[in-house]
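**Q** One-letter residues, chain by chain:
There are 2 protein chains.
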Amino acid sequence: MTLTPSTSTPAVDETHRVQLSDLKMPTRLLLGPGPSNADPAVLSAVSMEPIGHLDPAYLALMDEVTTLMRYVWQTENQITFPVSGTGSAAMEATLANVVEPGDGVLVGVKGYFGHRLVDMAGRYGAKVSTITKPWGEVFSLAELRAALETHRPAVLALVHAETSTGARQPLEGVGDLCREFDCLLLVDTVTSMGGVPVFIDKWGVDLAYSCGQKGLSCLPGISPFTMSSRAIEKLTGRKTQVANWYLDVSLLLKYWGSERTYHHTAPVNLTYALREALRLIAEEGLEARWQRHQTHAEYLWSELAKLGLTCHVDPAYRLPTLTTVKIPAGVDGKAVTRKLLNDYNIEIGGGLGELAGKVWRIGLMGYNSRKENVDTLLGALKEVL
Amino acid sequence: MTLTPSTSTPAVDETHRVQLSDLKMPTRLLLGPGPSNADPAVLSAVSMEPIGHLDPAYLALMDEVTTLMRYVWQTENQITFPVSGTGSAAMEATLANVVEPGDGVLVGVKGYFGHRLVDMAGRYGAKVSTITKPWGEVFSLAELRAALETHRPAVLALVHAETSTGARQPLEGVGDLCREFDCLLLVDTVTSMGGVPVFIDKWGVDLAYSCGQKGLSCLPGISPFTMSSRAIEKLTGRKTQVANWYLDVSLLLKYWGSERTYHHTAPVNLTYALREALRLIAEEGLEARWQRHQTHAEYLWSELAKLGLTCHVDPAYRLPTLTTVKIPAGVDGKAVTRKLLNDYNIEIGGGLGELAGKVWRIGLMGYNSRKENVDTLLGALKEVL
Chain A
1 MTLTPSTSTP AVDETHRVQL SDLKMPTRLL LGPGPSNADP AVLSAVSMEP IGHLDPAYLA
61 LMDEVTTLMR YVWQTENQIT FPVSGTGSAA MEATLANVVE PGDGVLVGVK GYFGHRLVDM
121 AGRYGAKVST ITKPWGEVFS LAELRAALET HRPAVLALVH AETSTGARQP LEGVGDLCRE
181 FDCLLLVDTV TSMGGVPVFI DKWGVDLAYS CGQKGLSCLP GISPFTMSSR AIEKLTGRKT
241 QVANWYLDVS LLLKYWGSER TYHHTAPVNL TYALREALRL IAEEGLEARW QRHQTHAEYL
301 WSELAKLGLT CHVDPAYRLP TLTTVKIPAG VDGKAVTRKL LNDYNIEIGG GLGELAGKVW
361 RIGLMGYNSR KENVDTLLGA LKEVL
Chain B
1 MTLTPSTSTP AVDETHRVQL SDLKMPTRLL LGPGPSNADP AVLSAVSMEP IGHLDPAYLA
61 LMDEVTTLMR YVWQTENQIT FPVSGTGSAA MEATLANVVE PGDGVLVGVK GYFGHRLVDM
121 AGRYGAKVST ITKPWGEVFS LAELRAALET HRPAVLALVH AETSTGARQP LEGVGDLCRE
181 FDCLLLVDTV TSMGGVPVFI DKWGVDLAYS CGQKGLSCLP GISPFTMSSR AIEKLTGRKT
241 QVANWYLDVS LLLKYWGSER TYHHTAPVNL TYALREALRL IAEEGLEARW QRHQTHAEYL
301 WSELAKLGLT CHVDPAYRLP TLTTVKIPAG VDGKAVTRKL LNDYNIEIGG GLGELAGKVW
361 RIGLMGYNSR KENVDTLLGA LKEVL
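Chains as they are written, first to last, in the working numbering: chain A, 1 to 385; chain B, 1 to 385.
Watch out, some of these pointers could steer you wrong.
Chain copies aren't distinguished; within one or between two, either way the pair holds.
[Said to hold, decoys possible] Pairs of lysine to aspartate or glutamate, DMTMM-like flavour, derived with a Cα cap of 20 Å:
| no. | residue 1 | residue 2 |
| --- | --- | --- |
| 1 | Lys306 | Asp55 |
| 2 | Lys326 | Glu137 |
| 3 | Lys371 | Glu149 |
| 4 | Lys339 | Asp13 |
| 5 | Lys334 | Glu287 |
| 6 | Lys358 | Glu137 |
| 7 | Lys326 | Glu284 |
| 8 | Lys239 | Asp119 |
| 9 | Lys24 | Asp63 |
| 10 | Lys254 | Asp119 |
| 11 | Lys371 | Glu284 |
| 12 | Lys306 | Glu233 |
| 13 | Lys339 | Asp55 |
| 14 | Lys24 | Glu283 |
| 15 | Lys358 | Glu76 |
In short, the hints are calculated from the structure, not lab data.
Let's have the full structure, built from the sequences with the hints guiding it.
**A** If you want it as structure tokens, here you go:
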């Protein structure tokens with residue numbers, strides 16, 4: 001016996017049936033910590049009609065995306081594909097796949113996203129230990145060695161480019177150290193990929209993630225992910241199932257690998273967007289792109305100095321993609337960002353955590369890393385201050 | 001002491017630097033199980049420049065989205081917002097937030113997505129029990145009552161519209177049953193929301209999820225999610241932390257609620273797309289939209305009958321959004337779908353699981369639920385068969 005369907009459906013409640021006009025959004029120059037403006041070619045790609053996620057034309061597109069991600073990340077890793085979510089989902093994918101309950105995870109905390117790694121690792125049952133630095137500083141190899149000796153973790157997690165501080169953690173030699181201590185190296189490249197040199201293989205990085213909306217000039221909602229053969233060994237040697245279905249690489253690989261077995265419906269249009277964003281990077285070339293970011297950041301720093309503004313991070317570790325600028329004494333930092341947004345349509349960011357109220361965050365990422373954007377921002381800032 | 005940054009970066013490996021031309025994709029008529037074609041207004045919205053996820057203009061947009069989601073789902077639930085991932089992420093969000101290790105979860109399995117619920121619930125430590133039906137059938141109230149008496153679960157999970165079978169599970173009375181047995185009712189509305197009557201509150205549904213790319217005519221990558229006050233009680237009464245950071249509603253609520261605290265960068269452009277998709281539903285009206293789906297599905301069924309083709313599901317439980325058609329004896333089902341795709345640019349789906357090789361799946365969802373699409377498909381099918 002089965003239920004008979006109701007012959008009459010209930011009356012529809014019209015309370016929330018608001019009638020709106022077509023979407024109209026302000027046009028902003030996004031010079032904060034992200035999202036940055038997308039490249040026009042990316043916006044054109046994302047608006048094409050979707051096709052099926054198992055369509056041969058889509059499967060060919062997936063191969064283009066993984067190939068180009070390998071170029072931008074400088075890796076031969078077989079497992080290199082985008083996660084169907086924002087950067088935080090890709091971050092969670094790195095931990096979810098290699099951490100089993102009781103595994104030691106050592107996190108270098110020197111900003112907001114270090115804390116996020118701690119929170120996430122704990123949810124997967126990791127025995128989490130931390131080393132810390134004031135926000136804006138970085139760890140030395142000697143400090144990392146000492147911490148590995150003390151904690152003997154299964155995973156060392158470091159943020160390469162801290163979006164909350166604008167500091168770049170040097171990674172040369174860290175991979176060797178992790179091999180010496182037989183642990184995996186997990187690296188956040190959210191604010192470095194596509195704007196700052198990243199060498200996944202040469203640096204011995206085992207797990208990495210990024211996002212779409214910063215150095216790649218794509219859009220938020222699709223996020224690069226990669227894992228090395230050492231990390232795959234950890235995954236295949238698990239005694240417990242990955243405690244996250246959506247991000248389980250052993251399942252995702254059946255779709256991204258040769259089997260092409262359905263896992264979840266891909267975010268088809270964002271994959272179009274990512275393909276275009278990566279294509280443009282290959283066209284420009286990594287060295288040229290990194291140099292462009294460095295050049296315009298240095299121009300920003302020199303122009304800021306002319307206004308009497310100083311940067312929070314030591315020049316030796318300062319990211320070209322994201323600059324933290326000290327808010328001068330007596331200046332209401334929030335009023336400045338509000339005025340820039342409302343009167344000039346320019347977004348810059350405020351500080352987070354230890355740096356809340358102390359800095360502004362200025363991003364020059366991907367498509368937005370251009371001299372005219374620095375001039376536009378500095379012109380507005382001059383008027384506002 | 002800190003590391004000095006390397007004075008010279010390694011040489012860039014050019015192996016994967018493939019040079020591609022602009023993205024060109026075929027235009028398909030998507031009449032499979034999803035994605036369906038997006039409404040042109042949705043594609044126009046998704047291609048607008050992103051703005052910041054804490055921009056006042058974006059926060060106002062978020063309120064429009066949650067209001068319109070409440071209309072389409074017919075709910076007053078405070079927690080009603082889209083998850084930043086595809087439908088499977090929203091599915092996982094329902095389970096991750098209310099299931100604690102040891103909780104009983106009873107899943108009604110009558111298709112592919114019932115099995116997926118079983119898999120996911122197990123990953124969150126649930127004591128999973130199942131009742132099953134052959135694919136294409138549905139459960140009666142009496143069967144559900146008997147199962148609740150036997151298993152006494154904390155959660156009953158049912159798929160309202162099984163994308164793998166085309167059957168609609170009647171839900172009238174199930175909410176009352178769940179209150180009688182003090183369990184939460186979790187419902188998959190992936191292939192029903194926006195195309196088939198769904199009454200979250202009147203049916204006493206406590207947790208529900210959907211996707212963007214079917215009845216809503218939006219795009220994959222952003223997915224409606226809602227939970228009732230009963231489900232919130234279960235969440236706030238947890239003894240353990242939600243074992244998933246990205247989908248933890250207690251964190252997400254701080255962003256979607258009045259605090260507007262940053263959690264993860266929103267998929268800004270997909271939110272534009274969803275806002276437009278929901279706006280168009282409010283403009284059309286739910287009753288008109290449901291009737292449109294029913295009318296064109298009935299036209300499809302009658303035209304299929306003229307070709308001598310029969311449907312797999314009993315008319316009493318047949319979904320208007322997704323029709324499973326029996327592949328006639330002697331016909332190579334895969335050759336037909338391939339020919340439709342390659343020669344006619346029309347996508348329909350094959351069968352999954354118990355129905356693999358036995359049925360085709362034809363979707364008429366959202367924007368695509370139109371008489372001319374039925375005519376186009378049937379014309380092509382006639383030529384191919």
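**Q** State for each hint whether it applies.
**A** Hint check results:
1. In this assembly of identical chains, the alpha carbons of Lys306 and Asp55 never lie at most 20 Å apart, being 55 Å within a copy and 29 Å across copies at closest.
2. With identical chains, the CA atoms of Lys326 and Glu137 are at most 20 Å apart within one copy only, with a shortest distance of 15 Å there and 65 Å across copies.
3. When the C-alpha separation of Lys371 and Glu149 is checked against a cutoff of 20 Å, the pair qualifies neither within a copy, at 46 Å, nor between copies, at 70 Å.
4. Taking the shortest alpha-carbon separations for Lys339 and Asp13, neither the intra-copy value of 41 Å nor the inter-copy value of 45 Å comes in at or below 20 Å.
5. In this homomeric assembly, Lys334 and Glu287 never come within 20 Å of each other (Cα to Cα): the closest approach is 36 Å inside a single copy and 47 Å across copies.
6. Proximity of Lys358 to Glu137 under the C-alpha cut-off of 20 Å is restricted to the intra-copy arrangement: shortest distance 15 Å within a copy versus 62 Å between copies.
7. In this assembly of identical chains, the alpha carbons of Lys326 and Glu284 never lie at most 20 Å apart, being 33 Å within a copy and 52 Å across copies at closest.
8. Taking identical chains as interchangeable, the C-alpha atoms of Lys239 and Asp119 lie at most 20 Å apart only when they sit on different chains, with a minimum of 17 Å there against 23 Å within one chain.
9. For the identical chains of this complex, Lys24 and Asp63 are inter-copy neighbours only, at 15 Å across copies versus 35 Å inside a copy, given an alpha-carbon limit of 20 Å.
10. Taking the shortest Cα distances, Lys254 and Asp119 sit within 20 Å of each other only across copies (16 Å), while inside one copy they are farther apart (29 Å).
11. Proximity of Lys371 to Glu284 under the C-alpha cut-off of 20 Å is restricted to the intra-copy arrangement: shortest distance 17 Å within a copy versus 47 Å between copies.
12. In this assembly of identical chains, the alpha carbons of Lys306 and Glu233 never lie at most 20 Å apart, being 53 Å within a copy and 56 Å across copies at closest.
13. Taking identical chains as interchangeable, the C-alpha atoms of Lys339 and Asp55 lie at most 20 Å apart only when they sit on different chains, with a minimum of 13 Å there against 48 Å within one chain.
14. In this assembly of identical chains, Lys24 and Glu283 lie within 20 Å of each other by CA distance solely across copies; the values are 17 Å between and 33 Å within a copy.
15. Taking the closest pair of Cα atoms, Lys358 and Glu76 never come within 20 Å of each other, the shortest separation being 41 Å inside a single copy and 41 Å across copies.
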